[in-house]
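*Asks:* Counted from 1, the sequence shown has number 143 at position 143 by the working numbering; the numbering is strictly sequential.
The set of hints was computed from the structure by calculation and includes no laboratory data.
Derived DSSO-like pairs (lysine-lysine); straight-line CA-CA distance at most 27 Å:
1) 152 <-> 93
2) 48 <-> 93
3) 152 <-> 50
4) 55 <-> 149
5) 50 <-> 307
6) 42 <-> 150
7) 150 <-> 307
8) 55 <-> 200
9) 93 <-> 150
10) 294 <-> 93
11) 294 <-> 307
12) 113 <-> 307
13) 55 <-> 42
14) 55 <-> 93
15) 42 <-> 191
16) 223 <-> 191
17) 48 <-> 150
18) 251 <-> 200
19) 251 <-> 191
Simulated restraints, written as ranges between beta carbons of each label pair:
20) 101 <-> 210: 54 to 62 Å
21) 97 <-> 142: 34 to 42 Å
22) 159 <-> 79: 17 to 25 Å
23) 116 <-> 232: 36 to 44 Å
24) 252 <-> 167: 25 to 33 Å
Backbone N, C-alpha and C define an ideal beta-carbon position, used for all residues, glycine too.
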Amino acid sequence: MGIIFSEGSGVNDSIFGKCQTPIKIFMEKRTEAFENDSVIEKLFSMQKSKNFAEKATGMTSMHGFSPVGEGGAYPKDEMQEGYSQTFEHETWKDSFSITSEMAEDSVLLNLKKRPAAFLNGYHRTRELFGAALFGAALSGSNAATMRGKKFKTTANDGLTLFNTAHTSITGECDDQSNKFTNAFSADVLGKIECEMQNLKDDNGNILAVTPDTIIIPNLASLKKSVFEAIGADKDPATANNGFNYTFGRWKVVVWAYLNQYIASGTAPFILMSSQYNEDYGGALWFDRRELTMKSIIDENTDDNVWKGNARWCAGFNDWRAFAVGGASAGTTLT
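Just need the whole structure built from these sequences, with the hints factored in.
*Replies:* As structure tokens, this is what we get:
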């Protein structure tokens, strides 16, 4: 995602004219570097939007073919709209200024410091927003608070993303859980993986979800446990050279921004199916307007003011893309 630039009248003819292009190039390159390291790009299905709000919905599956015997009539199959979720865009703004003295002295390092801090703040805000959504979901809250405003963190069934009793809109499937209390271990990883693989759609059909990503806060003990469990081709729990079937099958995302949302003494971990997340919209992020910059001269201070704004929204839709382990409350696997 790039940056859209515009300039107010008189900027190019002012003492700030020569610094406009270097600042633009610097900001564009800085944005590319941030996007390469972005965690939200890995955890959310990133979408473009042209609407005031976006509605995510789908249809339930059909029951499939039935044996009818010789000359039998065609059964009439049915499907209906599934749960839906609406995402409404929010406008985000910030600004910075470059003094006329800085421009006159033409100190390139100083000219870059403020754009760098500005872009750091923009991309950090996006990462923090994504972390706030997942953090609130980990705590069992139905809303995240970001800069004084609340954003919902419920899935499309109206329940918290991680829940022990996710419902079916058709009533043809028993309640399902994606919230487990078991602490991380190689065995627990395999058990929660199986739970996700056995998840069913609203009609009770197994979906064969394939989790492939482990998301953890930046906790040394948890990182050690995770990489010990998946990092060797032999059984990590014994010395008998038994085969470790988890080896080479997992991607790990360590997200330091999650740390502030977890309770002391807890070590939650999230499993995600990146394919299911992309195909069915587990976590969705909609960019309505990419970062748009405008450079103007403040007539009161003679400073060069850079204003930036963007519109986006994000949240959760289909909970089946995720499961959490190490939760303080939930289903305990045996």
